[in-house]
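Q: Take a look at the letters that make up each chain.
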Amino acid sequence: MKKYFFFLLLFTSVNAQKLNNLHSPENIKLFADHLFSEKDFLRAALEYEKLPEDDSINFKIALSYQAIEKYDAALDRFAKINYESNLYHISQHQYFKTLLLSEQHDVLQRKIIISENTDYQKYLYISYLFTSDKLPGKDEFLKSFPSNEKVELSFFYEKKKNPPYKSSLTAGLLSALIPGSGKIYTGRIGDGITSFITVSLLSFLSYNNFTNDHDFRGWLFAGLGFFFYAGNIYGSAVSAEIYNSQVDYQFQKKLKEYLEQKNYFISE
Amino acid sequence: MKIICNIFLFLILLNNLSAQTEKEKWGKTETDYRINYHNEEIKNPEPKSYGEFFLHSVHSAYRFFISDVDGDNCPFQPSCSAFFVESVKETNIFQGSLMFFDRFTRDMNIFKKGNYPIIGGKFYDPVEQYTFTEEKNLLMPE
Numbered sequence: 001m002k003k004y005f006f007f008l009l010l011f012t013s014v015n016a017q018k019l020n021n022l023h024s025p026e027n028i029k030l031f032a033d034h035l036f037s038e039k040d041f042l043r044a045a046l047e048y049e050k051l052p053e054d055d056s057i058n059f060k061i062a063l064s065y066q067a068i069e070k071y072d073a074a075l076d077r078f079a080k081i082n083y084e085s086n087l088y089h090i091s092q093h094q095y096f097k098t099l100l101l102s103e104q105h106d107v108l109q110r111k112i113i114i115s116e117n118t119d120y121q122k123y124l125y126i127s128y129l130f131t132s133d134k135l136p137g138k139d140e141f142l143k144s145f146p147s148n149e150k151v152e153l154s155f156f157y158e159k160k161k162n163p164p165y166k167s168s169l170t171a172g173l174l175s176a177l178i179p180g181s182g183k184i185y186t187g188r189i190g191d192g193i194t195s196f197i198t199v200s201l202l203s204f205l206s207y208n209n210f211t212n213d214h215d216f217r218g219w220l221f222a223g224l225g226f227f228f229y230a231g232n233i234y235g236s237a238v239s240a241e242i243y244n245s246q247v248d249y250q251f252q253k254k255l256k257e258y259l260e261q262k263n264y265f266i267s268e
Numbered sequence: 001m002k003i004i005c006n007i008f009l010f011l012i013l014l015n016n017l018s019a020q021t022e023k024e025k026w027g028k029t030e031t032d033y034r035i036n037y038h039n040e041e042i043k044n045p046e047p048k049s050y051g052e053f054f055l056h057s058v059h060s061a062y063r064f065f066i067s068d069v070d071g072d073n074c075p076f077q078p079s080c081s082a083f084f085v086e087s088v089k090e091t092n093i094f095q096g097s098l099m100f101f102d103r104f105t106r107d108m109n110i111f112k113k114g115n116y117p118i119i120g121g122k123f124y125d126p127v128e129q130y131t132f133t134e135e136k137n138l139l140m141p142e
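Chain order of the listed sequences is A and B. According to this note's numbering, the first sequence is numbered sequentially starting from 1. According to this note's numbering, the second sequence is numbered sequentially starting from 1.
Wrong hints could be hidden among the right ones.
Okay, derived cross-link-like pairs now, SDA-like style, lysine to any residue, Cα gap no bigger than 25 angstroms in a straight line [stated by the list, open to error]:
#1 Lys113/B <-> Asp248/A
#2 Lys112/B <-> Ala176/A
#3 Lys113/B <-> Gly187/A
#4 Lys150/A <-> Leu129/A
#5 Lys256/A <-> Val151/A
#6 Lys112/B <-> Gln250/A
#7 Lys166/A <-> Asp70/B
#8 Lys113/B <-> Ser181/A
Since the hints were derived computationally from the structure, they do not count as laboratory data. Computed from a prediction, not measured in an experiment: that's the story for all the values here.
With the sequences and hints as input, model every part of the structure.
A: In structure tokens form, the structure reads like this:
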């Protein structure tokens, strides 16, 4: 009786193991899909890579790599998707999105100009918003995007066409006329007031010492005052440059946030 | 048998005594509490010209007579004196001096908080931002 029971147990165990093959392609795919839906993209990609390649697997791997910012690997996978596949169109959109995310603007612009496909024109224009002043007319620019997004996009267009830059020359000239005013012009009010007080004080001390026949101290304060004055002109010009780079940085940050929010105009 | 055991124990004792060879490792170490200078070149300058020799002499004198006595009080990183040396190296004596006087004005501003990113408890204000040449976007405060 014991022997029968033992053999029965052995048989069911072996059979159960055969039936529940955890590493079958179906199970791997189920597990990978679960990881993907849980946004565990790195592990999802590793699981998908164990499966034989097809378009849907490549697409999922590419999306996973895109999500974890392994853009080159994602681009490779998107490029492998067959032209005749149902996923080809959406993969091309994702491909251009990946190029935008990885800031490969040269590649993106070259590919879209060569393809002459009007569907992808919007990515070219978005890329222009990031990189250059080659933007087309406003109507032409807005034509490529959905009509309900035109208000916000026209805001970005205007900001790119007419960025609120400050002129280095103006800042320098203002500071040459009234010390510190160039810094106030670039938004550094505290620095501007400090500059004005320092240069004024040193000039007064110099004047006061010269009038009281303390020539050495007069020259000392005059020299110091001159260097602070010249430094303030230089600093004002640089301050305008820093202001401009902050404008660029903020513009790009807002644009990226907006595009992320709109999923780069790719329908789910 | 007893003799063999004693010899064996003696050998073990010898072996254990000679096992620790890196005795210095456990010794007291000299701790340097001074904050590192912005770069090693400034700490140990090797002047290449008379101009640099003069610059480093002034900087060393400043460090010896003022900075070391006064302490690490500059709110910026790099400190104003290190900024001066670096700015002269990056550009020239004239532009470097202008950059230094501009920095000194910024140092005197009592409302500077919020204008600079804070790294290591100091306002990060590197030379590269003021040379008109480098990309500045990466250095902007959030």
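Q: Against each hint, give a clear statement of whether it holds in the structure.
A: Going through the hints against the structure:
no.: 1; hint: Lys113/B <-> Asp248/A; result: 22 angstroms, holds
no.: 2; hint: Lys112/B <-> Ala176/A; result: 22 angstroms, holds
no.: 3; hint: Lys113/B <-> Gly187/A; result: 14 angstroms, holds
no.: 4; hint: Lys150/A <-> Leu129/A; result: 15 angstroms, holds
no.: 5; hint: Lys256/A <-> Val151/A; result: 17 angstroms, holds
no.: 6; hint: Lys112/B <-> Gln250/A; result: 21 angstroms, holds
no.: 7; hint: Lys166/A <-> Asp70/B; result: 39 angstroms, violated
no.: 8; hint: Lys113/B <-> Ser181/A; result: 20 angstroms, holds
Comparing the model with each numbered hint stated earlier shows that hint 7 is the single one that does not hold.
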